[in-house]
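Undergrad: Using the sequences and the accompanying hints, generate a full structural model.
Protein sequence lines correspond, in order, to chains U and C.
Those letters in the first sequence? Residues 1 to 115, per the numbering used here, in order.
Those letters in the second sequence? Residues 116 to 233, per the numbering used here, in order.
For the record, the hints were derived by calculation from the structure and aren't laboratory data.
All figures in this text were calculated on a predicted structure; none of them were measured in a lab.
Ideal Cβ placement from N, Cα and C applies to all residues, glycine included.
Just to be clear, a hint being listed does not mean it is correct.
Among the chain U residues that face chain C by a calculated CB cut under 10 angstroms, a handful are [as the list claims (entries may be wrong)]: (1) Ser7; (2) Tyr35; (3) Phe106; (4) Pro108; (5) Gly109.
Capping the alpha-carbon separation at 16 angstroms, the derived lysine to aspartate or glutamate pairs in EDC-like fashion look like this [to be verified]: (6) U:Lys9 to C:Glu159; (7) C:Lys220 to U:Asp30; (8) C:Lys153 to C:Asp201; (9) C:Lys118 to U:Asp59; (10) C:Lys220 to U:Asp59.
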Amino acid sequence: DGGITQSPKYLFRKEGQNVTLSCEQNLNHDAMYWYRQDPGQGLRLIYYSQIVNDFQKGDIAEGYSVSREKKESFPLTVTSAQKNPTAFYLCASTSTTSGGSPTQYFGPGTRLLVL
Amino acid sequence: AQKVTQAQTEISVVEKEDVTLDCVYETRDTTYYLFWYKQPPSGELVFLIRRNSFDEQNEISGRYSWNFQKSTSSFNFTITASQVVDSAVYFCALSEIRYGGATNKLIFGTGTLLAVQP
Numbered sequence: 001d002g003g004i005t006q007s008p009k010y011l012f013r014k015e016g017q018n019v020t021l022s023c024e025q026n027l028n029h030d031a032m033y034w035y036r037q038d039p040g041q042g043l044r045l046i047y048y049s050q051i052v053n054d055f056q057k058g059d060i061a062e063g064y065s066v067s068r069e070k071k072e073s074f075p076l077t078v079t080s081a082q083k084n085p086t087a088f089y090l091c092a093s094t095s096t097t098s099g100g101s102p103t104q105y106f107g108p109g110t111r112l113l114v115l
Numbered sequence: 116a117q118k119v120t121q122a123q124t125e126i127s128v129v130e131k132e133d134v135t136l137d138c139v140y141e142t143r144d145t146t147y148y149l150f151w152y153k154q155p156p157s158g159e160l161v162f163l164i165r166r167n168s169f170d171e172q173n174e175i176s177g178r179y180s181w182n183f184q185k186s187t188s189s190f191n192f193t194i195t196a197s198q199v200v201d202s203a204v205y206f207c208a209l210s211e212i213r214y215g216g217a218t219n220k221l222i223f224g225t226g227t228l229l230a231v232q233p
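TA: Take a look at the structure:
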């Protein structure tokens, strides 16, 4: 089945630790996105990538890093510089080719908690 | 700047009631997309509908209907004969339209929590 997978479902981070959230898609989508959701709020864009080996900062990129070495994968690292990382993280992807659907489809999310 | 406002933070209805979720947006773009997503308690965002700015035709899908009015910058969502399974957070979102290097960045509203009581 085509879709977006995120792992782990829950992740615990200790102070000063970097952690990496996984996002994989088999929809052959070009663009991938990371959003952060805080309780009672909408989603805010952290990073996005339109093509392999290229990515752009979103609205709240500080304390995060990404890579895009493969079309299917867009991992997000939450670094120790991110002082308030507790949130729900959602990955999305979309086609950007002409004629492709511009709708973003989302994965099931990863809930990150700080110990 | 682009902005999406969902003024209703929470709505509670009794099953079989009709309910309308409001969405007002701001954009300087003349072409754009509008979306509605549903977020059930599991957390995953489920795509419901996309509408582009060229098409102001209202849409109906089963018990769901959407009213897009460009003149008032609104894209409201109505659920007819609500059911307990409709309980979720609903997000309205706005996206620019670009060709050749589109970001398709989504601007989300803060969401409306809909609680349908049996």
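Undergrad: It remains to establish, for every hint, whether it holds in the given structure.
TA: Hints, verified against the model:
1. Interface hint at serine 7 of chain U: violated, since its Cβ lies 14 angstroms from the closest Cβ of chain C, which is beyond the 10 angstroms cut-off.
2. Against a cut-off of 10 angstroms between C-beta atoms, the interface hint on tyrosine 35 of chain U holds, since the closest Cβ of chain C lies about 8 angstroms away.
3. At its closest, the beta carbon of phenylalanine 106 of chain U sits 4 angstroms from a beta carbon of chain C; the interface hint therefore holds under the 10 angstroms criterion.
4. Hint on proline 108 of chain U holds. Least Cβ distance to chain C is approximately 5 angstroms, under the 10 angstroms limit.
5. Hint on glycine 109 of chain U holds. Least Cβ distance to chain C is approximately 5 angstroms, under the 10 angstroms limit.
6. A hinted pair counts as satisfied when its Cα atoms are at most 16 angstroms apart, and lysine 9 of chain U with glutamate 159 of chain C qualifies at roughly 11 angstroms.
7. Only pairs whose Cα atoms come within 16 angstroms are accepted, and lysine 220 of chain C paired with aspartate 30 of chain U is accepted, the gap being roughly 14 angstroms.
8. Distance restraint check for lysine 153 of chain C and aspartate 201 of chain C: the Cα-Cα separation of roughly 9 angstroms lies within the 16 angstroms cut-off, and the hinted pair is therefore satisfied.
9. Distance hint between lysine 118 of chain C and aspartate 59 of chain U is fulfilled; the C-alpha atoms sit about 13 angstroms from each other, no more than 16 angstroms.
10. Of the pairs offered as hints, the one joining lysine 220 of chain C and aspartate 59 of chain U holds, with about 10 angstroms between alpha carbons and a cut-off of 16 angstroms not exceeded.
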